[in-house]
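**Q** Please build the complete structure, drawing on both the sequences and the hints.
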Amino acid sequence: MIFALVLLTAYLIGAIPTGLLLTRMVGGGDIRNSGSGNIGATNVYRTIGRKLGALTLVGDALKGALPVLAANTLFGDNLYQVGAVSVAAFLGHCFPVYLGFKGGKGVATALGVYLVLSPLAVLGAFLTFAGLVWKTRYISVGSISAAAVIPVLVWFTRGSLPLLLATLIISSIVILRHRTNIQRLFAGTENKFKA
0 MIFALVLLTA YLIGAIPTGL LLTRMVGGGD IRNSGSGNIG ATNVYRTIGR
50 KLGALTLVGD ALKGALPVLA ANTLFGDNLY QVGAVSVAAF LGHCFPVYLG
100 FKGGKGVATA LGVYLVLSPL AVLGAFLTFA GLVWKTRYIS VGSISAAAVI
150 PVLVWFTRGS LPLLLATLII SSIVILRHRT NIQRLFAGTE NKFKA
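All residue numbers for the sequence shown refer to numbering that gives the first Met the number 0, where the first residue is 0 and numbers rise by one.
A portion of the hints provided could be inaccurate.
Unchecked claim - Straight-line Cα separation of at most 30 Å, DSSO-like style, residue types lysine-lysine; simulated pairs:
id : residue 1 : residue 2
1  : Lys191    : Lys50
2  : Lys101    : Lys191
3  : Lys193    : Lys50
4  : Lys101    : Lys193
5  : Lys134    : Lys191
6  : Lys50     : Lys134
Don't read these hints as lab results, they were simulated from the structure.
**A** Rendered as structure tokens:
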């Protein structure tokens with residue numbers, strides 16, 4: 000019963016639309032009607048500004064980190080339960096009940112999850128992300144590549160099958176949710192990052 004309640008709570012926390020709430024608070028309207036239409040940090044950054052984009056990133060990461068921290072405290076000896084809570088928080092962001100199950104791509108929320116599961120894996124994924132964004136100027140290339148490598152990094156740093164399975168699910172969904180970016184990359188119409 001406690002596990003089911005924690006799973007539901009993790010999903011509901013993950014479903015909080017940070018970018019949408021923050022842009023409305025500053026009078027920026029509905030972020031879904033601006034830029035790419037995504038509720039995540041990259042679209043907020045591009046359409047509203049750096050500060051709000053950074054706040055969205057932090058808020059979305061916390062939505063992933065806090066439920067996993069709670070799961071570690073409650074179920075630390077059962078990594079299948081910790082992994083399930085990780086996936087629930089992530090799914091909340093991608094498919095939020097509050098927005099008709101139409102959410103973000105999940106990169107920042109996955110980051111929060113991974114920071115708790117394996118900070119060392121996050122370091123490796125961040126270096127991958129930063130290097131590719133620096134080289135290509137495409138945030139999507141960095142995000143997709145980091146998502147692709149992090150399950151391997153989690154496996155090498157934690158050696159846990161349940162956490163590997165959780166990270167494979169999360170990373171696969173992150174990549175799938177970038178399919179329009181992938182199409183734009185092949186078409187040469189993807190937006191480049193401007194610092």
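**Q** Take the hints in turn and mark each one as holding or not.
**A** Verification of the hints:
The straight-line distance between the Cα atoms of Lys191 and Lys50 is roughly 19 Å, inside the 30 Å bound, and the hint therefore holds. Only pairs whose Cα atoms come within 30 Å are accepted, and Lys101 paired with Lys191 is accepted, the gap being roughly 25 Å. Among the hinted pairs, Lys193 with Lys50 is consistent with the structure: their alpha-carbon atoms are about 15 Å apart, no more than 30 Å. Of the supplied pair hints, the one linking Lys101 and Lys193 holds, its CA atoms being roughly 27 Å apart against a limit of 30 Å.
Using a Cα cut-off of 30 Å, the hinted pair Lys134 and Lys191 holds, with the two alpha carbons roughly 11 Å apart. Pair hint Lys50 plus Lys134 holds up; C-alpha atoms about 24 Å apart against a cutoff of 30 Å.
Going through the hint list in order, the structure satisfies each hint without exception.
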